[in-house]
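The whole structure should be built from the sequences, with the hints applied where relevant.
Order-wise, the sequence lines are chains W and U. Residues in the first sequence are numbered from 1 upward in steps of one, following this note's numbering. Residues in the second sequence are numbered from 1001 upward in steps of one, following this note's numbering.
Here are a few chain U residues that sit away from chain W, every Cβ distance over 10 Å (derived from the structure):
| # | residue |
| --- | --- |
| 1 | G1017 |
| 2 | K1068 |
| 3 | G1083 |
Under the rule of at most 16 Å between Cα atoms (straight-line distance), these lysine to aspartate or glutamate pairs were calculated in the EDC-like manner:
| # | chain 1 | residue 1 | chain 2 | residue 2 |
| --- | --- | --- | --- | --- |
| 4 | U | K1042 | W | E41 |
| 5 | W | K27 | W | E103 |
| 6 | W | K44 | W | D56 |
| 7 | U | K1042 | W | E40 |
| 8 | U | K1071 | U | D1053 |
| 9 | W | K44 | U | E1103 |
| 10 | U | K1015 | U | D1084 |
| 11 | U | K1068 | U | E1026 |
| 12 | U | K1068 | U | D1053 |
| 13 | U | K1068 | U | E1056 |
| 14 | W | K71 | W | E52 |
| 15 | U | K1005 | W | E41 |
Partner residues are not named here, just some residues of chain U that face chain W (Cβ under 10 Å, in silico):
| # | residue |
| --- | --- |
| 16 | Y1032 |
| 17 | R1051 |
| 18 | G1102 |
If you're looking for bench data, these hints aren't it; they were derived computationally from the structure. Where is the CB? At the ideal position from N, CA and C, for every residue including glycine.
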Amino acid sequence: NAGVMQNPRHLVRRRGQEARLRCSPMKGHSHVYWYRQLPEEGLKFMVYLQKENIIDESGMPKERFSAEFPKEGPSILRIQQVVRGDSAAYFCASSQQGQASYEQYFGPGTRLTVT
Amino acid sequence: QQQVKQSPQSLIVQKGGISIINCAYENTAFDYFPWYQQFPGKGPALLIAIRPDVSEKKEGRFTISFNKSAKQFSLHIMDSQPGDSATYFCAARQSGSRLTFGEGTQLTVNP
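Structural data, given as structure tokens:
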């Protein structure tokens, strides 16, 4: 009965490096959402994916950020050439297909620190 | 129109008291309203949720009240306990879409 899994839990990168955040949805879930939480703020939507498809990326910064959810393996959020402003907690959530798809369950998050 | 406004920003309640957190929205296309509880260093945990065809939903000590005409909904925590001290987020979702979150309420329940 594993929940949403994210790794790494903590990630430190220097400015200009790349960050790769991974998310494995709950068993039986095929929809993945990524959210970002800045310190002392609420969660902001970034991107919504199904297997091999990006459904909604309206919350993603236009540059340096990309996401994928391949047929096999976890969903990946990739941040290229990180800057200090990218320091935040990144949460992944998953949901089922169909009418029961309302509930989104969150993982523990990856806390990215850019030095 | 996608905003969800949450108040208060912080709340201090005595043990055994009632905690009330309020949210308001503009987008009438929202059709699902969950509340999440988040402890420091953890991910948000789904607490309780409601759909707009229901005016109230209760699960244990947690109750959501929903006023569709006013476009407002609230979370009531009865018999608040120190273990309820956390940040609470309301959210709203348009069917098949992402969650829009409020800014959060930091609840402290004093023993």
